[in-house]
Each structure stands twice: as C-alpha cells, then as structure tokens.
Amino acid sequence: MSSQALLSLQGVRKSYPSVVAVDDVSLTVVPGEIHAVLGENGAGKSTLMKIIYGAVKPDSGHMAWNGEPVEIDSPAMARRLGIAMVFQHFALFDSASVVENMALALPGVFDLNGLAARITEVSGRYGLPLQPWRPVHELSVGERQRVEIVRCLLQSPKLLIMDEPTSVLAPQAVDQLFDTLRVLSAEGTAILYISHKLDEIRRLCHRATILRGGRLIGEVDPRQESERRLAELMIGRDFPETRRSATAVGDVALELMGLSVPGDGPFGTTLEGISLRVHRGEIVGIAGISGNGQAELLAAITGESTVPDAQSVWLSGTPVGRMGAARRRRMGLVNVPEERLGRGAVPPMSLSDNALLTGHSQSMVSRGLVDSDETRAFAAKCISGFDVRCGGPGALAQSLSGGNLQKFIVGREIMQKPQVMVVAQPTWGVDVAASALIRQQLMDLAAKGVAILVISEDLGEILEICDKVTVIAGGRLSPVREVEQTNAQEIGRWMAGLFSNEGSSEATMGQAA
Amino acid sequence: MGWRLVPRSQPSKRMLLLAPLLAVGLTLCAGVAVFASLGQNPLTALRVFFIDPISDVNGVSELLLKASPLCLIALGLAIGFRANIWNIGAEGQMYVGGIFATGLAIHFGESGGVWLLPAMVVAAALGGALWASITAVCRAQFHANEILVSLMLTYVADLLVKYLVFGPWQDPNGNNFPFTVQFDDAALFSLFASFGWEWLEGTRLNTSLLLTIVAIPVAWLFMEKSFAGFQLSVTGLAPRAARYAGFPQKRMVWMALLISGAAAGIAGASEVAGPIGQLNDRWTPGYGFTAIIVATLGRMHAGGIVLAALLMALLYLGGEAAQIALQLPKAISQVFQGLLLMFLLGSDVLVNYRIVATAKGPV
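Protein chains in written order, with my numbering: chain A, 20 to 532; chain B, 52 to 414.
Honestly, I wouldn't trust all of these hints.
With a straight-line cut-off of 30 Å between C-alpha atoms, the simulated DSSO-like cross-links for lysine-lysine are [said to hold, decoys possible]:
#1 A:Lys76 to B:Lys64
#2 A:Lys400 to B:Lys64
#3 B:Lys381 to B:Lys213
#4 B:Lys213 to A:Lys436
#5 B:Lys64 to A:Lys436
#6 A:Lys400 to B:Lys276
Just a few of them, taken from the derived set where beta-carbon distance is under 10 Å, the chain A residues facing chain B [what the hints assert, rightly or not]:
#7 Ala344
#8 Gly363
#9 Ala364
If you're looking for bench data, these hints aren't it; they were derived computationally from the structure. Source: prediction; values computed, not measured. Don't be surprised by glycine CBs; every beta carbon is placed ideally from N, CA and C.
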C-alpha cells in the first residue's frame, strides 16, 4: 500500500474546557486500506473521527485530502468529499421513518419510494434487514445502528468511518460485513475502523493506530501482534484477566413459565411461550440480535410491565407476574438496563442521588426523609469499590464516561445484596479494562450464590462469563445449552431463528428453515 | 445567513440562578419604555409603581396579604411542576376551596366556635384537592393532558361560584347583588391589628399569613429532603429512570395534583375568610394563574418562590397605584407580569442554548 495518501492529518489538537481530547495526533489513510483506530473510552478516538467528519473543529493542525490541504468544516462537506461515518451514538430523528432519515443524509431530490427499494436491496445484500417505513423511535439500539450502517453504504463513500459497528451483529452478519468491507477495500475504499474487539481488528485490519489519553502511542500491523499485546498498548498496563471460580449451583431463583406477552405497538416483538430457569450461583446468557424481544423480556422480568398471568414469572418460589417493579426489587431482584443515561441513571442528578434511585431500601430513607450522609457514603463506597473514575459522590451522572457510569450502576445494583440480578448489555461501548472489571464482578457475584441473567448481543462476552446460553429470536427462546456444549456456529443459526423449542412442553418448529 | 439555537454542553448553573434577576432588570427597562410611550415620566411612574406602594406599614401589610396566597399556591404547584405535571388549574382549585370554606361558614355561622375556622381550612384543602383529583383521574387513568383538563375545569369552577352566589347562597338582604352573607367572626381569620399591636392599626393583615409561613419550610423539606419529593423530581427529569426504579407513576400524578390542589384550596379559604369575608363572583385577581409565574420565576425552589411571590404582589399593588395616581389602565399589571415571564423564558433559553450564525440553511 504505497499509493498516495487519501487523507492525512498532521499535529491535530482539540481541547475542551476540562480535558485535552486529542493532542498532537497525526494519521495517514491510503486508498483501499482498513485502518483500525484503537483506544480506551476517552482516548480521543471519537473526537478524532468527528474532526475528520467535520462535526468537530480542531484547535490546531493540518488536514489534507488527496494531497490537497483541506478544512472540513461540516459533515455535509465531508460527505461531498466522499467521507461517510457510522456513529456510535446515533444521530437519527426519532419521529421520522428509516427512509426519511436516510433521505435527509443524501444529496439530491427526495424520492422516498425509490430510496426505500434501495434500502431494502442494500440492507438485504449486507445481511442488515431493515423495514424502510418504520419510525425510528420504535427501533431498538441495534436496529438503529443498522440504519446508520446502511445509510453510509448507500453513499458509496471513498472513506468509510465505522465507530464500533459490529457490536449488534450476529456472528454470520459480522463475517458478512467483513466480507463487504473487504470488497469495498479491494475496490479502493479506505475504511477507518474503531472497535474494542481486538480479535476483529486482527482479522480485518491492515494497520492499527493506537491512542491513549488523546495521544498517539504508535502504529502497528495488527495481523503481526497478539491480542494481549494490542490490549496492553491500548491501556498501558497489564491486561486484567477475568477468572471464574467454580460455583455450586443452588435451587431455582428466577423462573419463566410459558411467558407470553403481546407486542407493544405494530412493530413491537411478541414474546411466545418463553420458559427459562436461572439457579442460584449460575450465570445464564441470552444472546440474540437486538430487536428480537429483549426489551419486552427484560420489562416482563423486572416488572416494568406486568403480565396478566402471575404464574408466568417466578422469583424465589413466588409467582410475581402481576407485581410491579418496586415489589420485585424488594424481593431481591435488581437489574442493569441497556440504556444507562435516562434509565439506569438520572443524567442531571449527582451520583449520591443516583445511588438513592434504587438503593433507597439500604437505610437511606427514614420516616420519609432522605439521609444524605448515608446516601453519600453509599455512593462513595460504590465509587471506590467498583473503580468508578469521577469527581466523587457529587459528580453528575451525565459527566461520567459510559464505562464509568456503567461501573457505578453495576456496583449500585450489586450493593443491594440481590438474590437475582438481570443485566442487559453489561459492557456495550465500555472499554476493555472496565469490561473486564464488570465481568469479573458478575462472576464473583454468581460465586456468592446469586442467580444472574445476562442479556447481551456480544456473543464473546456471553461465552466468556456464562455457564449456560440460550438465544432469543423473533420473541422465542432457543434451547438452553451449557456453554461448553455449544459453539458460535450453532448459536449463530439460532440467532437466525433456526431452532425448535425442544426443551419446552409446547414444541414449536423454527420459523425460517 | 441564518441563525439557529445550539444546546450548550454545560449550561452555567450560576446563570440559571441569575436569570430571574436579569429578567426583572429587563422588565424594568421595558417598563420605562412602556411608561414613556403612555406619556408618563418614566421615573415618576416607576416610583409610583414600585416604591410608593410599600413606603408605609399599610403598604407592606397589603404586600404580604397578596404575596401570601400567591406563595402558598406556587409552593404546591412547584411540587407538581418538578415532576413535569403541569397543573394550570390552581385558580379553579382555589375557587372550590373557597366554596367549601364558605359552605361551613354560612352553615355554622352563628353557632360556630373556635373549631370553625380550622374546619374551614381543612374543608378548603379537601375541596381544592377534590377539584384537582378530577384532573388526576383523567391523567392517570385515561392519559388525558393535565394542562387542558385542569385549565378547562377552572371555568367550570368559576361558573359553580356564580351559580352559588346568584342562587342558593345569595345574601337575602343583599339587594340581589351576587355575594353571600358576611362571615361571622368565628369564621374569619383574626386581624393582627386586633391583638393590640398599635403599629398595625388599620391594616388588613390577618392570621392566614401564618399558614403560608408554616407552609414554606414544610414545602422546602418535602421538595429537598423527602424521598417522595425525590421520586417526583426523578419522574420529571428522567421518566424512564422512574419506571426503572419502580416508582409508582400513577401515585406520582395523584400526589402532585392533590398537593397543589390542597394548597390552592387553602389559599381560597384565606381569601374568603380573610380580607373578603364572604364569597362573591369576583373575589380573586387571578392568584391561581399568577402563581404559575411565581413558581417558574422562583425556580421551583421554596426560597425563590417566596421572593417571586413578593415581587408579583408588588406588581399587583403597583398596578393599582398606577391606576389611581397616573390614571393608567388596569391592564398595566398584566403587561408587567407578561413582560417578566417573557424575559424569564427568553433568558432560560439563552442559558441552555447559544445562538450560532449559519452561513447557509440548516445543515
């Protein structure tokens, strides 16, 4: 790859009032290469990508496009040059449909029907199924990311920036996406690929630029480096490994018996006859592509939505289907939601107040009044116990990075001394070090005899920490397997809905044979 | 060339607190322009409007008399507003509170003892809460918009008052005027002047002020320190987090509306059993609506609401003074109220957003 640089950056710097996000970073991208940008959360990857995409203006430094100096002052200009970006945080209009959102990003006259047909075609080709006319607010996080990816592919870009694109894809779809990316690369499209998944980077990328704390650490050929070495370069210290100690499995703590829930709204997923047991001391993982009923299942388990049949959800031997979330919490059920800001935490409130959100039963309230000393002490303990990097119990939830907020929420829930813990996407968008800590905490908790259910789209994570695995697809649950007795291929087939419920009494045939 | 508003990443906390002061300053500036355009000497007019009304004991007592119900209603409203439950119908809840208090007053009038006044206050609180509970049912059970329901119920309450004072409760010796009999002493709040404090002689300030003085720390405690207040704040700031934590949504709606309704009802009793001394068809200068401005201006905090209530009371008094001394129209008070609210909301927008010039249309 000795051709002339498509894009080059020299000494780019961007500082915010409290932090230097990107500090004197240089980078070249040549046509046709797949170039990884590696770094922990807060290393400056996203800021650097936004500078390239024209969404953030650098304080200093030079950029050149095809050898010509250029100042990219808006995303529209970036798109005119041929730069497309799949954002990690989605910039979609909730009230508009998928096709309308895409039309807004594309130049030229609106032809929604023609565009809808193209979307169906392109999304089908890359294994990213989308219904063009669905309003975006009804889509799950994973489906929204799919919209972003397809939107970029529609523009036939010269440089494609992908910020953690595979976190919501099934293994086959990842392979398919990689094939697509390799084809694009062979056609001369350069790809900037941001991911925490080191194995993917080693499989896919030709070069890797490593950032740490906003600074350029180095450039390596990821195909020549071990995963461990890459991780060490990225976090600058020895890579913590998660360890699973053997656990004695106890009695059933959480049981679903033929749970059926009609879908909410015309595009909601209907849950059909879901049966599952989680014993004390074990971690059960539910894999599956976002939008297959995870949100509905989580709501039915936590009690955010109740079900008419009390007998379809059991907690520690009590039918709880008709109990609300507060009562189930009092029975020792805690949960960590997928959405951290706005659901798991109140953004403009302090960590102390966010501790109170679900920790109020831990002697924080007496005679209706909040004991602020107790609340602050709880938050401080959570901050130190779970390595939350922040300004202390008074720091606002919205000021924390995603990984640190997730550590706080996981810690807060664990500190409730639960019987059952349900965690959705425990490490989605969380950097390697924080992910390892969170996974270790979950495994330690299981070792103490807590029943844990993990709903995750990250198959690697499920295979790493869970004892048993099952897959949700189309609102139905696949058979449950011991992790050792299955493999990525089988789970991938299940994700596509290819299974029959051999374990349940009402056996149903797989839909899409 | 165009302009657009871009959210600030970190709105300044200090500016958020300074915004009300800025709005007051801008209102004064605009007031100068308004007075000048009406042919008045602006400085004289401002003195008449803002200084003269509170330059003696009587003036200050009138200020407190008007600020008291405003403050009481606004404290109740702020509790609901924090949960994004917008009770716009405090005016109607105040009417119904007044009706309930009046019912006891004219029924037990002569036979009433010391128990009568406390009973009237309790009845007024129940009446206001009852009226607000209609809105609560519509919102909690049928997902109706509480702004519309509570606002429209105000007009129903107004007609209810009219029906009573033109009909069954009309004073038989009142020459067919629309008011009830004057309440007996047992059904009236005592004047402070009647306690033998000479310097208060001639003022209308009465013991209903004590209700507000007690309500201020109670409301502060509820909003800032109680778990229920915390739950309401979470419901307003992040409704999904409230559902996640299992806070009962319907109970939040009920609590917000019942508390604000009861506060408005008590304010109604403090009026009919205070300076008015009867129920008639035009006894309120719109306290229930003005209290919405008071709650907003006071930033939904107890201390801020006290100051904002005093300011809005001053606008009422200034408006009356301007009518008498300068022959300006009565609407001048509402002009000032409107200016103040507009400047406040405008300041709030600029605290949270900045204006960015765009070369072309929106990108």
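Quick rundown of the hints versus the structure:
no.	hint	result
1	A:Lys76 to B:Lys64	26 Å, holds
2	A:Lys400 to B:Lys64	28 Å, holds
3	B:Lys381 to B:Lys213	23 Å, holds
4	B:Lys213 to A:Lys436	60 Å, violated
5	B:Lys64 to A:Lys436	36 Å, violated
6	A:Lys400 to B:Lys276	22 Å, holds
7	Ala344	3 Å, holds
8	Gly363	7 Å, holds
9	Ala364	7 Å, holds
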